[in-house]
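Colleague: Please model the entire structure based on the sequences and the hints provided.
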Amino acid sequence: MTSLSILANEHISSIRDIQKHPSRALRGITRVMRGSKTMGFFFSNEHFEDLMESIEALSSKNYLARIAKARRSKSKGIPLAKLAAKYGL
Numbered sequence: 001m002t003s004l005s006i007l008a009n010e011h012i013s014s015i016r017d018i019q020k021h022p023s024r025a026l027r028g029i030t031r032v033m034r035g036s037k038t039m040g041f042f043f044s045n046e047h048f049e050d051l052m053e054s055i056e057a058l059s060s061k062n063y064l065a066r067i068a069k070a071r072r073s074k075s076k077g078i079p080l081a082k083l084a085a086k087y088g089l
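Note that my numbering numbers the sequence shown so that position 72 is 72, with each residue one more than the last.
If you are wondering where the hints come from, they were derived from the structure by calculation, not from laboratory data.
Don't take each hint at face value.
[Stated by the list, open to error] No more than 25 Å apart at the CA atoms, straight line, and that leaves these computed lysine to any residue pairs for SDA-like:
#, residue 1, residue 2
1, K37, R24
2, K86, S73
3, K61, L51
4, K20, F41
5, K20, F43
6, K37, Q19
7, K37, R16
[To be verified] Label-pair restraints from in silico Cβ distances:
#, residue 1, residue 2, range
8, R71, F41, 28 to 34 Å
9, E46, I12, 34 to 40 Å
10, T38, A65, 31 to 37 Å
11, A65, H11, 32 to 38 Å
12, I55, R16, 27 to 33 Å
13, G88, I12, 52 to 58 Å
14, E46, I67, 20 to 26 Å
15, R24, L83, 47 to 53 Å
16, S59, H11, 23 to 29 Å
Since the model is a prediction, treat every value here as computed from it, not as a measurement.
The beta-carbon is built from N, C-alpha and C at its ideal position, and this holds for glycine as well.
Modeller: In structure tokens, the structure reads:
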């Protein structure tokens, strides 16, 4: 899961819900609300590690250069019909 898609799967809990039932309210990624204001976020260990890994990867110039190179060469692919004809499929 990418860091941005992780936030799309967030749960929303009020401070009151968290105080009453923390194990039910805090799961995965939880937006902690007080009224209509976001007070913060809770990340499970697994989601936090995934997010940190994504942040570290995106801060690597070498990694970003490899992504850019792959995107540039993307148009140099072979059409599926050509591959099927080559292998007699």
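Colleague: For each hint, tell me whether it holds in the structure or not.
Modeller: Now the hints, each set against the structure:
Restraint check: the Cα-Cα separation between K37 and R24 comes to about 21 Å, which is no more than 25 Å; the hinted pair holds. At most 25 Å may separate the alpha-carbon atoms for a hinted pair to count; K86 and S73 meet this at roughly 22 Å. Distance restraint check for K61 and L51: the Cα-Cα separation of roughly 18 Å lies within the 25 Å cut-off, and the hinted pair is therefore satisfied. Only pairs whose Cα atoms come within 25 Å are accepted, and K20 paired with F41 is accepted, the gap being roughly 17 Å.
Taking the CA atoms of K20 and F43, the gap is near 19 Å; set against the 25 Å cutoff, the hint holds. About 17 Å separates the Cα atoms of K37 and Q19, which keeps this hinted pair within 25 Å; it holds. The straight-line distance between the Cα atoms of K37 and R16 is roughly 14 Å, inside the 25 Å bound, and the hint therefore holds. Under the hint 28 to 34 Å, the C-beta atoms of R71 and F41, about 31 Å apart, fit the expected range.
A hinted range of 34 to 40 Å is violated for the C-beta pair E46 and I12, which are about 19 Å apart. For the pair T38 and A65, the supplied restraint of 31 to 37 Å holds, since their beta-carbon distance comes to about 35 Å. Checked against the hint of 32 to 38 Å, the pair A65 and H11 passes, with Cβ atoms roughly 36 Å apart. Our hint of 27 to 33 Å for I55 and R16 holds, since their Cβ atoms are close to 32 Å apart.
For G88 and I12, the hinted distance range of 52 to 58 Å is satisfied, since their beta carbons lie about 55 Å from each other. The supplied range of 20 to 26 Å is met by E46 and I67, whose beta-carbon atoms lie about 24 Å from each other. A C-beta distance of roughly 51 Å is found between R24 and L83, which places it inside the suggested range of 47 to 53 Å. At about 28 Å, the beta-carbon gap between S59 and H11 stays in the expected band of 23 to 29 Å.
In the structure shown, a violation is registered for the earlier hint numbered 9 alone.
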